[in-house]
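**Q** Numbering-wise (the working numbering), the sequence shown opens with residue 394 and increments by one.
FYI, nobody ran anything at the bench for these hints, they're computed from the structure. It is possible that some hints are incorrect.
[Claimed, not checked] Taking lysine to aspartate or glutamate and the DMTMM-like style, the derived pairs with C-alpha atoms no more than 20 Å apart in a straight line are:
hint	residue 1	residue 2
1	710	1339
2	592	581
3	1296	1339
4	698	1344
5	1330	1344
6	1303	893
7	1197	1175
8	804	821
9	1296	1227
10	895	715
11	1222	1289
12	1290	1267
All figures in this text were calculated on a predicted structure; none of them were measured in a lab.
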Amino acid sequence: MPASANAANATPSLSELLAPTDSFARRHNGPDAAEQAAMLKALNQPSLDALVDATVPPHIRRDALDLPAALGESAALAELRGLASQNQIFRSHIGMGYYNTHTPGVIQRTILENPGWYTAYTPYQAEIAQGRLEALLNFQTLVTDLTGLEIANASMLDEGTAAAEAMMMCHRLKEGDASAHRAFFVSEKCHPQTIDIVKTRAVPLGIEVIIGDHKTFTPTAGTFGVLVQYPDTTGSIHDFATFFAAAHAVGAFTIVATDLLALTLLRAPGEFGADVAVGSAQRFGVPMGFGGPHAAFLATKDAFKRQMPGRLVGVSKDANGDPAMRLALGTREQHIRRDKATSNICTAQVLLAVMASMYAVYHGPEGLKKIARRVHALTSLLAQGLRSAGASVNAEPVFDTLTVGNIFATKIHADALAQKINLRVIDDATVGISLDETTTLAQVEQLISFFGSTRPALTSDVERAGFSAPLARTSAFLTAPSFNRYHTEHEMLRYIKRLEAKDLSLVHSMISLGSCTMKLNATSEMFPVSWPEFGQLHPFAPSDQTKGYAQLFTDLETWLTEITGFAAVSLQPNAGSQGEYAGLLVIRSFHESRGEGHRNICLIPTSAHGTNPASAAMCGYQIVPVACDANGNIDGADLKAKADAHAKNLACVMITYPSTHGVFEASIKDLCAHIHSHGGQVYMDGANMNAQVGLTSPGHIGADVCHLNLHKTFCIPHGGGGPGMGPIGVAAHLAPFLPGHVIVSPVHDKGRKHLGAVSAAPWGSASILVISWMYIRMMGPDGLTAATKIAILNANYVAARLEKYFPVLYRGATGLVAHECIVDLRGWKKHGIEAEDAAKRLMDYGYHAPTLSFPVPGTFMIEPTESETLTELDRFCDAMISIHGEMQAVVTGESDKANNPLKHAPHTAKVVTADEWTRPYSRQTAAFPSEFVRQSKFWPAVGRVDNVYGDRNLICSCVGMEAYADAKA
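Based on the sequences and whatever the hints tell you, model everything.
**A** This is how it looks when you write it as structure tokens:
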């Protein structure tokens, strides 16, 4: 009788019978007991614990996790419902860059709540990501059209960080200038959180931030850039043309933080001299979510595109000459440029950019203008009513926000709160009121009543509310067909589904990208993201309305400190890239507090993720590379020698553990101790935390700070390249330096805060923290530890199956790998076969390629995660082995060196179904090379994309793509 049958027929114990029927750990961890036994037998290991003991060095093992016992799915959801009920949904008129919005149901159900969209990976393999790329191209077009600038990136993290990135971009553009520009002007009327982040980013680069009134500030030769808000945080709208002309006259760059909805009625920044425009697309259908996630944007002039931060989608052509999109200007990828990178390319919010772009597609230009006119008309009506009550309001034109003075603010707030309404707190005589697309006429009447007046009669002036020259918009926008076709729900649904069908995601097959940890994003974890108690709260709402969130944050911080072995956690960084940056700033602040601000050397192994040197450079550190040995480990002798040589100026070392090569390095504690002996700090990249949870921890190993990719180890979906969260854990001596916030400080010991904000909202993208809360609560300590063990089992099984065909490059002392393995394809290059050929051919087998050519060129880094079953692991391995056979056929001459399935991969339906087929292999070999794809075929939307052509002929808008398609036709 097979083992699985024995297991099925075994008599369960009473405790097993009484256990919840919806226990989650068994659903999350793919291989059942029988499958585990089969894999262990293949590895010649007597048990899972024996495998782990042989893999993880004993001297770094930790005690069992001290976490609450696991709950079943329904019980965990009920407990979280209890937390959610402690949040109170007041109507928000706080503004400050965050607004209520209507998320169209078709977008919420078919994008936000659809795993076909939220489980996809970053679109590095463009041929199987054309849907997301088209949606992002729409986003870029939306931004360039409304800002009046020539090129925009495919989203950023939030408005504050986008403004800071714009400052840094302008600073780079001035590098080498003999006049040594060091000053950056920021209008005091920018949002406070934006000013806070800009100040944080400026310090390590030695930039002097001047905060003041643009009306009285005179740019000088030392000013390299200016930042203003349009409309400003008080609601007022200014004509910046003269100020910008003065800035340009002294060689300074001009940056506008702006509002996309307002720009449907206001003159575009590019039309009055802006060099850069930044902002948030949140109010385009994305809930406030207590701060995020939201898609920000950055647009600039074409001349500056090589210095533009973030990702950029561009149009190219595929092998058949048809239009095809891909991420453009790949030289900005920091894996290539490292410390010379213009930004950390992980700063993106793809899923939210997709939602915002679809909101614009759904409403179209006329629909957006109608929404904006309605908001503006209600604001004009509110202003009239307030004036009639004797209150003062903005003297300048406004769009949706009023700063109301000459009042008794305490009473106004009390009356509003009694009706469950939040207004912006300013001072004793002033309040702020912002309206949005959800505001009704009755609500405006209620607001006016708080000030002792009634709504004035509607007049044609209010109904036609608009702007006069020079503020009025006269230029057209969103003229591309994609923004003018899909205004019924039926058409919108079909458009979304057409794009979804072009993207491979976890709903199709395993995505085995090393260091990216594409694991299960469980449905029960995702449910709460859409709960209004989490989604409809303003990030600056009063604390007595957000007690549920406060408890959730406390829970997560407590659990993560236990998991990491640290003393404190900050949840503010809203991406892994931000976590890296924040962690390094914490180290920098610590050294400065001890009078050792001169410490500026950061040691980084050559195998490190490219995000590491990029983040270190942003902190003003000098990067010193550390070699790796033949086994892929950090070269201990080289690290010690360089630490010794730079002892007086040593700030830190950045390490990844297990190593980027997928190995538990036994010398790790010794290396950490050596850094500490010279006064340096140990920063750990948390990309590989999935191999640590429950077995060891950064704090136990000797790290001082570590960022955690919640979108990797703790199940927040990748969302096509964002959202993500990157909290940092720190040792006790670094806790006083965790990020604070100018509005609501998340730092418990406020009196010792040394670091400003790194994200626009106090707790980053708070609404998706519910996902990780659910994951940890449902898994419990035993489930989390089991997940780590099975991740190691799955990786070793894949390595064992593939090693006969593709050499496994790096192993630990016992011949085992950690949670991922690197297989070598370099030996095929002499036969004309590249690793990329195998990556593209995997698409024909229904798979996304593993991480390609990192950390070693010409290799695959494979991480199967604990969520994949033995069936799926074998199916993937079978595909790899079959591809090996195709590669071998080229070597033996059985297949033509240039005309073979590998070189022509991927094969599209258009190619395979063409009337003429002249290739020396069959159509079936091209498109249906395995039984799996014969049963469930995913068709790549385009053939192999020509990246070089696209970069030489850069097109970054859907208008350009349509022109290209028309020209080809």
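**Q** Please go over all the hints and tell whether each is borne out by the structure.
**A** Against the structure, the hints:
1. 710 - 1339: holds (6 Å)
2. 592 - 581: Given pair residue 592, residue 581 holds - Cα atoms ~12 Å apart, limit 20 Å.
3. 1296 - 1339: holds (13 Å)
4. 698 - 1344: Given pair residue 698, residue 1344 holds - Cα atoms ~11 Å apart, limit 20 Å.
5. 1330 - 1344: violated (31 Å)
6. 1303 - 893: Between residue 1303 and residue 893 the Cα gap is close to 18 Å, so the pair holds against 20 Å.
7. 1197 - 1175: Since the Cα atoms of residue 1197 and residue 1175 sit roughly 34 Å apart, the hinted pair is violated (cutoff 20 Å).
8. 804 - 821: holds (10 Å)
9. 1296 - 1227: holds (9 Å)
10. 895 - 715: holds (15 Å)
11. 1222 - 1289: holds (15 Å)
12. 1290 - 1267: Violated, at about 29 Å.
When the structure is compared with the earlier hints, violations turn up for hints 5, 7, 12 and for no others.
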